[in-house]
Amino acid sequence: MAEVSPKERSDLRPLAGVRVLELGSSISAAFAAKLLGDLGAEVIKVEPMSGDPLRQQGPFMTSAVPESVSALFGYLNAGKRCISLDLGADVARAMVTMLMGRCDLAIWVADDATVSHLQDLIDRERPQRPATVVISPFGLKGPRAGRAGSAYVAQHSGGLAYHQAYPVNDPSATPPTGCADREADMIVGLVGANAALWALMSATDGAPKPIVDVSAEDTFAYFLVDALADLKDGKLAPSRKRLPDQGITVAGGLIWFLPCADGAIMVSPREDHQWARWTELMGNPAWANDPALCGSRAARTVNSAQLQVLMAQWSATQKAHEVFRKAQAIRVACFPVSTPADLVRNDQLLARQFFDTLTLDGARDVAMPGLPFRMLSSSGATLQHGRRRSFPTLEDQELECRDDQAEHVHV
Amino acid sequence: MSDFTPAAGTTKLCLSGIRVVDFSWVVAGPMATKRLGAMGAEIIKIESAARPEFSYRDGWYAVINNNKRSCTLNITSPEGQDLIRQIVAGSDVVVENFSSRVLAKNNLGYEDLRKVKPDIIFVSASGLGRTGPERDMLAYGSLLQAYSGRVSLIGSMSASLEAMGIMPAWTDPVTSLWESLAIMAALRHRAATGEGSYIDLSMLEATVALLPDAVLHSALGQPTQEKGSEGEIGAAPSGCFKCLGEDDWIAVSVRHDAEWQALCRAIGRPDLADNPTLRDRPDRLKRKGELNRVLADWCAKRTLADAETGLQAERVPSAPSRGIRDLLGDPHLQERDIFRQIGDGRWSIALPWMDETGSRGKLAPAPALGADNDYVFGTLLGLSSDKQAELKTAGIIA
Chain W
1 MAEVSPKERS DLRPLAGVRV LELGSSISAA FAAKLLGDLG AEVIKVEPMS
51 GDPLRQQGPF MTSAVPESVS ALFGYLNAGK RCISLDLGAD VARAMVTMLM
101 GRCDLAIWVA DDATVSHLQD LIDRERPQRP ATVVISPFGL KGPRAGRAGS
151 AYVAQHSGGL AYHQAYPVND PSATPPTGCA DREADMIVGL VGANAALWAL
201 MSATDGAPKP IVDVSAEDTF AYFLVDALAD LKDGKLAPSR KRLPDQGITV
251 AGGLIWFLPC ADGAIMVSPR EDHQWARWTE LMGNPAWAND PALCGSRAAR
301 TVNSAQLQVL MAQWSATQKA HEVFRKAQAI RVACFPVSTP ADLVRNDQLL
351 ARQFFDTLTL DGARDVAMPG LPFRMLSSSG ATLQHGRRRS FPTLEDQELE
401 CRDDQAEHVH V
Chain P
1001 MSDFTPAAGT TKLCLSGIRV VDFSWVVAGP MATKRLGAMG AEIIKIESAA
1051 RPEFSYRDGW YAVINNNKRS CTLNITSPEG QDLIRQIVAG SDVVVENFSS
1101 RVLAKNNLGY EDLRKVKPDI IFVSASGLGR TGPERDMLAY GSLLQAYSGR
1151 VSLIGSMSAS LEAMGIMPAW TDPVTSLWES LAIMAALRHR AATGEGSYID
1201 LSMLEATVAL LPDAVLHSAL GQPTQEKGSE GEIGAAPSGC FKCLGEDDWI
1251 AVSVRHDAEW QALCRAIGRP DLADNPTLRD RPDRLKRKGE LNRVLADWCA
1301 KRTLADAETG LQAERVPSAP SRGIRDLLGD PHLQERDIFR QIGDGRWSIA
1351 LPWMDETGSR GKLAPAPALG ADNDYVFGTL LGLSSDKQAE LKTAGIIA
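These protein sequence lines are chains W and P, in that order. Using this note's numbering, read the first sequence as starting at 1 and increasing by one per residue. Using this note's numbering, read the second sequence as starting at 1001 and increasing by one per residue.
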C-alpha cells in the first residue's frame, strides 16, 4: 500500500470505498456523480468513442486548435476516471455489464442512446446490477415516460417556471420564467445524488438492488411547497394575472428591491425594531414619521409599493455595498444583488475556500464551485476545500480490460 | 402520538434506527428532516410551547414537517438543556439553523453535545456559514438569492419583484437537499469508521454551487453569455413560447443536431434543415434570437395541445408550462403519486424520487405541537408521570 502523507491522513472522505459508474451524457447525471466523487467515491465515467458531447459546451478554458477545452466539462468531471466505449458493440455492452458488477452504484441517463441497454440490464442482468439511479426528464413510469425532454423543459412542466413568474401584470406578455444559469440541470443532479445515497443505503446483500427513478419533472414539482399550501388554503389566485391587492410581500416578510447608484440591493426590515433602524440609516426621512404609511408591519405591507418608490429615491444616490455593510452593522437584513463577476471575489466565499481550482496541465487555472458545506469528523479529519483538480482527459486513466475488448474501449 | 404507520409497500426505510434531534425551523432544516423521516429516520422536532410561531401548523408547515414527532420544552433552562442532552445521548444526528450563538449560549453546541454522544453528527445550517468575516450577518433565504447572484440571472429586475424567481422559495429547498446529502454521507462514514461529524452548511454557498456557468465565465474573465432563465444555455432555439391561449406557453429546447433536424420536420421547415449555415450547433447558437423568433411564430399560430403534439411527434424536447392546479390533476403525476392527501386530507409532497415499486418512502401528517411529549419524556427518557408533571409545573416541558 502506498504511504499516506499526514495531509492525506487528515482528509475526510465519507464515501471512501464506494465505486460509481456513470453512463450517458447529461449535466444532471455528471453533477450527481461528481458530488459522490467529491465526497470520496471513485467514479468511472463512460463516454462515447467521440467523447461526451459536454466536452464541446462552453465556457472554454482555451479555444486553441485542434480542440477547445470545456471548463464546464472539467468542472463536472474532474477527479473521475473517464473511459470511452462504443455502446453499439456487443463487446462494449458486455464490458458495461462487467463494470456494473464491480460497482456499488450506477447512475444512468435514460436517453435514446442508453435506454435500450438499460432495459436489458434491468431485465436480464439483475443479479450483477448494482443499486441504480436512472435520471430522465419525466421518469420511467406514467403516461409521459419516455417523451423527449430536458431539465429546462421539465422545470416548465413541473410548475416551477410558472410559479417563478407569478403573479405578473400581463401573463400574455410575460412568459413563465426558468431557473438561472444551469440550475435546472444541477438541481436534478443534486436530487440524483441524494437518491443515489438512498439507493446505496437501501441495498442489501443477496437481494436485488434498487432501481431509483429520478424524474426532472418530479424534482421541480417537489419545490412547489408554497403554491400547494396557498392553493389548499384558498390563497392562490386563479391565474397568473396580478390582482389589484397583490403586493410584493413574499414568504417570511416584506422584501424590497432598491436600485442603487452602482447596482441594487434587496432589504427586509420586516420587524418594527428593524424598520426603525433602517429609517435611521436612510436619514429619518419625513415620510417615515407617517404612522398610516409605515408605522406598523401591516401598514408597510399595504403600502409596500409606495414605500418602494420613496426608498428608491434615497437608495439611487447610494452605493450598494456601502448600504449593505451599514445595514448589516445595525442588524437589518440587506444584501447587494451580486453580478457573476462579484461571486469569484466575494470575501465570504473566499474566506471559506468555497472555490476549487480546475487546472489544465498546470498552465491554466480556473476557479469553480466546491461543496457548500464544511465537514469535520470527530477524529479531526476534514473534508478538503480549495482543492486543485486536473482537467479530466480520456488518456489519463487506465482500466483493466481483456485484449479482445481493447478496440472498443479507449482508456 | 403522531401517526407513524409506514406506507404500505416495499418502502425503503434505509434510515430505520436512526434518530434525529431537530432544532431547525422555517424551511431548509424542516425539509431536510422530513426527507430523512421519509427514509425511515425517527425525527424528534424540538419546539417551543411559548413562542407563538410554533403554534402555526397550517400552510407551509403542514407540507414540510411530515414524518416527525413533536416535543416541546424550554431549552433556555438548565433542566431543559439537561433533557436535551439526554435525548441527544440516545440519538444519531442533530440538526439546527439558529442564529450563530443560540445553541452554544444554551450549552447545546457541538462541543457540548459530543461530550454526551461522541459520534453525534451535528449539522449547523446558516445563511453564510459559521466561519468567515460575514458569518454573523442577518440573512433570509430570499435575500440570499440576491447575494448569490441568482436574482441577476432571472428575468428583469423590477420594483415589484415580478418574474425574478424570488418565489417559490429556492434557496431553502436547495439548502435542504445539500443538508440531507451531507447527513447521509456522514452516516455512511460513521457506519464505516465509528466517527461522528460536524457539518457547517452555508445557504449562500448552497445557492452559488448551482451556478457554474456564471462562476466559470467570471473566473475565466469572460462575460456571461446567457442567463439560462429565458432559454437553455447552449441550446438553440430554446425558450418558452406563447401559443394561442391567453396564458398558454410551451417550453422547447433544441440541444443538438438531431433535435434540430427533428424540429425542422416538426415545424415544416426543410429549408432550415438544409441550410448549411445552421447545420452546426455553434452556428445556431450565434443566431439563437433569430431561431427563437421562427419558433415563436410557429407556436403563436397553434393551440398548446397542437404545438405539443407536433413537437413530440418528432421527439423535440418540449412541454407545456403549467401551474400547481394543472399538476394536481395531471394523470402522469397522479400515477407517479408525488402529491398526496394525508391524515385529515391536507396535501403534501412525497420524496422527489421513487424506486421501481413506486415507493417514495413514508409520508405521515405533520405532528401537533407537543404531540409526542409522552413518547419522548416517558418512553425515551423514562421519566415518571410525577416527574413530567413536576417539569410541566416548572415550565420546563409543556
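A hint or two may mislead.
What the hints assert, rightly or not - Derived Cβ-Cβ restraints for the label pairs, each shown as a range:
| hint | chain 1 | residue 1 | chain 2 | residue 2 | range |
| --- | --- | --- | --- | --- | --- |
| 1 | W | 128 | P | 1276 | 43 to 49 Å |
| 2 | W | 243 | P | 1389 | 34 to 40 Å |
| 3 | W | 169 | P | 1276 | 56 to 62 Å |
| 4 | P | 1344 | W | 169 | 54 to 60 Å |
| 5 | W | 243 | P | 1368 | 32 to 38 Å |
| 6 | W | 91 | P | 1275 | 38 to 44 Å |
As the list claims (entries may be wrong) - With a straight-line Cα cutoff of 25 Å, these simulated SDA-like cross-link-like pairs (lysine to any residue) come out:
| hint | chain 1 | residue 1 | chain 2 | residue 2 |
| --- | --- | --- | --- | --- |
| 7 | W | 319 | P | 1326 |
| 8 | P | 1288 | W | 54 |
| 9 | W | 232 | P | 1340 |
| 10 | P | 1301 | P | 1345 |
| 11 | P | 1242 | W | 141 |
| 12 | P | 1227 | W | 68 |
| 13 | W | 241 | P | 1328 |
| 14 | P | 1115 | P | 1133 |
| 15 | W | 232 | P | 1306 |
| 16 | P | 1288 | P | 1328 |
| 17 | W | 241 | P | 1074 |
| 18 | P | 1105 | W | 170 |
| 19 | P | 1242 | W | 357 |
| 20 | W | 241 | P | 1242 |
| 21 | W | 235 | P | 1329 |
| 22 | W | 235 | P | 1302 |
| 23 | W | 141 | P | 1326 |
| 24 | P | 1227 | W | 381 |
| 25 | P | 1227 | W | 365 |
| 26 | W | 241 | P | 1326 |
| 27 | P | 1387 | P | 1057 |
| 28 | W | 326 | W | 339 |
| 29 | W | 235 | P | 1056 |
| 30 | W | 232 | P | 1371 |
| 31 | W | 241 | P | 1335 |
| 32 | P | 1242 | W | 167 |
| 33 | W | 232 | P | 1056 |
| 34 | W | 141 | P | 1104 |
| 35 | W | 232 | P | 1341 |
| 36 | P | 1286 | W | 56 |
| 37 | P | 1392 | P | 1050 |
| 38 | P | 1242 | W | 170 |
| 39 | W | 235 | P | 1344 |
| 40 | W | 235 | P | 1288 |
Quick caveat, the hints were computed from the structure, so don't treat them as lab data. All C-beta atoms in this analysis are idealised placements derived from N, C-alpha and C, irrespective of residue type, glycine included.
*asked:* residue 1288 (chain P) and residue 54 (chain W) were given as a pair; does the straight-line alpha-carbon distance stay at or below 25 Å?
replied: holds (19 Å)
_Check the hint pairing residue 241 (chain W) with residue 1335 (chain P) against an upper bound of 25 Å on the C-alpha distance._
Distance of about 30 Å is beyond 25 Å: violated.
*Take the C-alpha atoms of residue 1242 (chain P) and residue 167 (chain W), compute the straight-line distance between them, and say whether it is at most 25 Å.*
Holds, at about 17 Å.
*Would you mind confirming whether the straight-line C-alpha gap from residue 1242 (chain P) to residue 170 (chain W) stays at or under 25 Å?*
holds (13 Å)
*asked:* Check whether the Cα positions of residue 1288 (chain P) and residue 1328 (chain P) lie no farther apart than 25 Å.
replied: violated (34 Å)
_Proposed proximity, residue 1340 (chain P) with residue 232 (chain W) (alpha carbon, max 25 Å)_ = holds (12 Å)
*Within 25 Å, alpha carbon to alpha carbon, are residue 141 (chain W) and residue 1326 (chain P)?*
Judged against 25 Å, a Cα distance of about 19 Å means the pair holds.
_Distance restraint evaluation - residue 91 (chain W), residue 1275 (chain P), Cβ atoms, bounds 38 to 44 Å_ = Holds, at about 39 Å.
_Hint consistency between residue 235 (chain W) and residue 1302 (chain P) [alpha-carbon to alpha-carbon, up to 25 Å]_ = violated (32 Å)
_Just to be careful, I want the Cα atoms of residue 1286 (chain P) and residue 56 (chain W) compared with a cutoff of 25 Å; is the pair within it?_
Holds - the C-alpha atoms of residue 56 (chain W) and residue 1286 (chain P) are around 15 Å apart, at most 25 Å.
*asked:* Against the 25 Å threshold, does the CA-CA distance of residue 1105 (chain P) and residue 170 (chain W) hold or violate the hint?
replied: Roughly 50 Å between the alpha carbons, so the hint for residue 1105 (chain P) and residue 170 (chain W) is violated.
*Agreement of residue 241 (chain W) and residue 1328 (chain P) with the hint, judged by alpha carbon distance not exceeding 25 Å*: holds (20 Å)
Comparing the model with each earlier hint shows violations of hints 2, 3, 4, 7, 10, 11, 14, 15, 16, 17, 18, 19, 22, 24, 27, 31, 34, 40; every other hint is respected.
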